[in-house]
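Asks: Working from the sequences, and respecting the hints, build out all of it.
Number of protein chains: 4
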Amino acid sequence: MNKKHGPIMIVNFKTYPESTGRKALELSKTLQEVQKETGIHMVVACQATDIFLLSQHVEIPVFAQHIDPQLQGAHTGHDIVEAMKESGAQGTLINHSERQLTLSAIEQCIRRASNVGLTSVVCANNAVTGSACAALDPDMIAVEPPELIGTGVAVSKAKPEVVTDTVTRIRDVNAEVVILCGAGISEADDVSSALRLGAEGILVSSSVVKAGNPKKIVSDFAKALLLCR
Amino acid sequence: MNKKHGPIMIVNFKTYPESTGRKALELSKTLQEVQKETGIHMVVACQATDIFLLSQHVEIPVFAQHIDPQLQGAHTGHDIVEAMKESGAQGTLINHSERQLTLSAIEQCIRRASNVGLTSVVCANNAVTGSACAALDPDMIAVEPPELIGTGVAVSKAKPEVVTDTVTRIRDVNAEVVILCGAGISEADDVSSALRLGAEGILVSSSVVKAGNPKKIVSDFAKALLLCR
Amino acid sequence: MNKKHGPIMIVNFKTYPESTGRKALELSKTLQEVQKETGIHMVVACQATDIFLLSQHVEIPVFAQHIDPQLQGAHTGHDIVEAMKESGAQGTLINHSERQLTLSAIEQCIRRASNVGLTSVVCANNAVTGSACAALDPDMIAVEPPELIGTGVAVSKAKPEVVTDTVTRIRDVNAEVVILCGAGISEADDVSSALRLGAEGILVSSSVVKAGNPKKIVSDFAKALLLCR
Amino acid sequence: MNKKHGPIMIVNFKTYPESTGRKALELSKTLQEVQKETGIHMVVACQATDIFLLSQHVEIPVFAQHIDPQLQGAHTGHDIVEAMKESGAQGTLINHSERQLTLSAIEQCIRRASNVGLTSVVCANNAVTGSACAALDPDMIAVEPPELIGTGVAVSKAKPEVVTDTVTRIRDVNAEVVILCGAGISEADDVSSALRLGAEGILVSSSVVKAGNPKKIVSDFAKALLLCR
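Protein chains in written order, with the numbering used here: chain A, 180 to 408; chain B, 180 to 408; chain C, 180 to 408; chain D, 180 to 408.
Simulated from the structure, these hints should not be mistaken for lab results.
All of these numbers come straight from a predicted model, not from anything done at the bench.
Possibly wrong hints are sitting among the right ones.
Only some residues are given here: those of chain D computed to face chain A with a beta carbon under 7 angstroms [to be verified]:
id: 1; residue: 281
id: 2; residue: 306
id: 3; residue: 308
id: 4; residue: 311
Calculated lysine to aspartate or glutamate pairs in the EDC-like style (CA-CA distance at most 20 angstroms, straight line) [what the hints assert, rightly or not]:
id: 5; chain 1: A; residue 1: 389; chain 2: B; residue 2: 261
id: 6; chain 1: B; residue 1: 389; chain 2: A; residue 2: 366
id: 7; chain 1: C; residue 1: 389; chain 2: D; residue 2: 261
id: 8; chain 1: B; residue 1: 202; chain 2: A; residue 2: 261
id: 9; chain 1: A; residue 1: 402; chain 2: A; residue 2: 366
id: 10; chain 1: D; residue 1: 389; chain 2: C; residue 2: 261
id: 11; chain 1: D; residue 1: 202; chain 2: C; residue 2: 261
Just so it is clear, CB atoms sit at the ideal spot from N, CA and C, and this is done for glycine as well.
Replies: Listed below in structure tokens is the structure:
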């Protein structure tokens with residue numbers, strides 16, 4: 180996936196009960212419907228155990244939430260790119276704040292994902308680590324500015340320089356990488372703000388997975404992305 | 180699974196190309212055939228991405244190679260028991276030497292596996308850590324005595340006290356846990372030796388996965404287990 | 180150190196500013212004074228950087244807060260037993276809840292500490308992991324029952340079975356190991372309760388380090404230990 | 180420390196017996212002698228337990244081999260910048276290949292080292308991770324090109340593009356950072372080659388620590404650095 184796809188929306192299913200197994204499949208189908216209705220590209224990042232199931236039943240890309248840098252071989256209990264690929268994954272998150280890796284492992288994972296044709300989405304926790312990730316040349320970077328996490332501050336209400344500074348620092352190092360906003364998105368206004376400030380897509384999770392009516396919130400986000408296209 | 184099943188044979192598929200995806204399915208069917216022919220209980224421990232596929236197509240138990248102690252929720256990229264269970268797993272390896280956990284995590288994983296009905300197989304690297312694992316009360320302990328790993332020493336040729344000492348120390352702490360021999364098994368003689376010295380089953384990997392004729396070696400191992408029943 | 184010393188009090192200096200560098204030295208001297216006044220054995224567990232300084236200036240034993248299982252050699256940035264010993268340490272905490280280790284590493288650390296003559300104090304987070312630690316045969320086990328951490332519940336007010344159950348499970352496995360109570364101690368009554376319920380000493384931290392008058396609280400704890408001797 | 184110091188030589192003492200405790204002090208004095216004789220700036224990176232001892236007795240800067248990103252407080256067994264500073268350290272290695280950190284931790288360590296006035300030397304395993312480190316703006320980057328590690332290939336005999344490519348990629352991102360060559364240095368010719376190819380100093384270990392006559396090899400390296408000034 181790349182810039183030509185227009186704005187992208189990745190939904191991280193994490194290990195929520197509402198997005199595991201059969202429920203993961205239902206939610207993926209909802210995302211697929213919204214993609215058909217809006218043309219906005221949807222991606223689901225599910226647990227390793229659900230990749231095969233989902234990729235067999237939906238057409239939108241299924242991503243892993245994590246990969247390990249290990250090669251094929253005597254590496255019990257590791258998530259390697261070849262297995263992800265064969266089970267149907269088209270990409271993977273790397274270094275999510277809940278599953279961090281060493282710098283060396285991040286670089287290996289990006290390279291190995293690329294080797295087998297998986298799209299790499301590296302997560303960065305601030306503008307500085309974002310620029311470091313940019314130097315590693317992944318396909319996408321999802322930035323979670325600390326000012327937007329946990330504090331309940333939404334992108335649309337945050338000081339705009341938090342996002343623009345991050346985008347600027349990443350662009351100084353890498354002109355091609357797709358930049359996603361990975362925090363502070365809880366309503367459609369936040370989506371519009373993120374894109375206006377330079378992001379080219381969003382990485383969301385609980386705002387969709389935990390929603391009473393996921394289809395409505397996904398549609399709202401998609402429409403906001405559509406307006407920014 | 181427990182002592183009533185008689186001798187058990189778990190095959191760890193690791194991340195070998197010969198035991199990933201479709202090839203994992205083929206090898207699982209081979210194990211199933213041997214179970215039907217011999218009555219020896221076979222278990223496959225596959226990658227997380229293959230659990231759903233295998234559990235849909237074979238009747239022998241499919242185990243995970245690793246679980247994390249995280250609960251359901253905001254834990255991106257973790258392997259949790261509920262997801263393993265729903266994807267079809269009936270048990271899991273825990274603390275394999277290639278995927279080690281903290282003591283606290285091992286205890287939580289055993290407890291959480293038990294809560295959802297997954298069989299727990301904890302790996303221990305020597306007699307002392309084996310006895311510590313016994314205190315944690317898992318369903319099974321797979322011991323890999325260091326004298327039998329890497330050095331190329333087979334159980335059948337090793338000093339018998341290496342295995343008997345391990346069995347004795349575990350039994351001092353826990354009378355019920357099923358003890359598997361997890362190293363030094365490369366031919367049928369090693370299987371017989373392991374059981375004669377007190378093990379109640381085997382955990383094998385490359386000797387089966389990398390075999391030119393896996394069915395033959397699995398059959399040989401199963402027959403050796405049968406004789407010890 | 181062993182049972183013959185009578186009740187033991189270990190003060191974990193953690194990385195508090197009040198117990199780093201020169202302030203660590205002052206606090207150690209306070210502990211030494213109380214030992215002289217009461218006869219109760221005091222131990223300070225300080226940061227690696229302070230071991231040499233403290234062991235040069237106080238006579239009470241100085242312990243490390245952590246060791247790694249690495250051997251001497253090409254292991255940059257690790258805390259090995261030989262260096263701890265040469266710098267003046269007489270013992271070490273192992274597997275503190277804030278610095279956890281794999282089961283295999285815990286076993287190696289205990290063994291390696293013993294090889295160079297360092298007293299090993301393994302921390303366990305509950306009764307079950309405590310009994311696992313007992314099987315590893317360290318010199319002491321410091322147990323932090325979860326019911327006594329963070330919840331603000333003091334030993335003296337907790338259900339007594341929380342502590343007695345832990346002591347019983349450890350004793351089932353190991354008759355010799357010294358058992359310390361490592362949580363729920365904020366006043367002298369808690370010390371008395373812990374010992375009455377079977378503990379043979381205490382591992383404390385903030386209640387001493389963060390005290391307005393550390394000498395008073397240490398004296399109070401020592402007197403409570405003295406009464407239980 | 181910065182570019183104004185001219186070529187720099189850091190000796191990583193690791194956890195070798197030849198560079199622990201009293202022997203660490205002797206070797207530090209040797210380095211100091213060579214600094215006095217040649218004017219080349221010498222730095223010793225010793226174990227945490229030896230920082231106080233060495234910094235009391237030698238005038239050359241003493242660096243830590245590792246720091247953790249934890250703040251002062253309830254963090255048992257961690258190596259924090261304030262304690263390093265107070266014990267006499269003037270800088271620290273960060274993310275050595277034998278003690279790797281997450282990307283987020285590397286960024287925090289650099290920032291926290293800077294806050295207390297410690298010089299930061301981040302280690303990178305190849306040209307790509309080196310450029311990522313450059314984006315984090317440490318004081319120095321020590322690069323260990325994989326082609327020069329373990330393979331026994333010396334800088335002076337390696338393809339020069341291995342080093343020049345690394346230097347170029349780092350310079351593209353950061354004009355100020357001091358670049359050290361951290362692998363492939365076993366004799367004086369390698370030092371000259373490294374500097375000719377763009378490095379501004381060297382990070383060495385076993386070639387000095389394990390030498391029969393450390394003073395001779397240190398002098399040889401210093402003279403090679405002197406010629407390149």
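Asks: Hint by hint, say whether it matches the structure.
Replies: For each hint, the structure was consulted:
1. 281: Hint holds; residue 281 of chain D Cβ to chain A Cβ min 4 angstroms, cut 7 angstroms.
2. 306: violated, 10 angstroms
3. 308: holds, 5 angstroms
4. 311: Holds. Min distance 4 angstroms.
5. A/389 x B/261: Satisfied, since the Cα-Cα distance of roughly 18 angstroms is no more than 20 angstroms.
6. B/389 x A/366: violated, 52 angstroms
7. C/389 x D/261: holds, 18 angstroms
8. B/202 x A/261: holds, 13 angstroms
9. A/402 x A/366: The hint holds at about 12 angstroms.
10. D/389 x C/261: holds, 18 angstroms
11. D/202 x C/261: Measuring from Cα to Cα gives roughly 13 angstroms; hence the hint holds.
Hints 2 and 6 from the earlier list are contradicted by this structure; the remaining hints agree with it.
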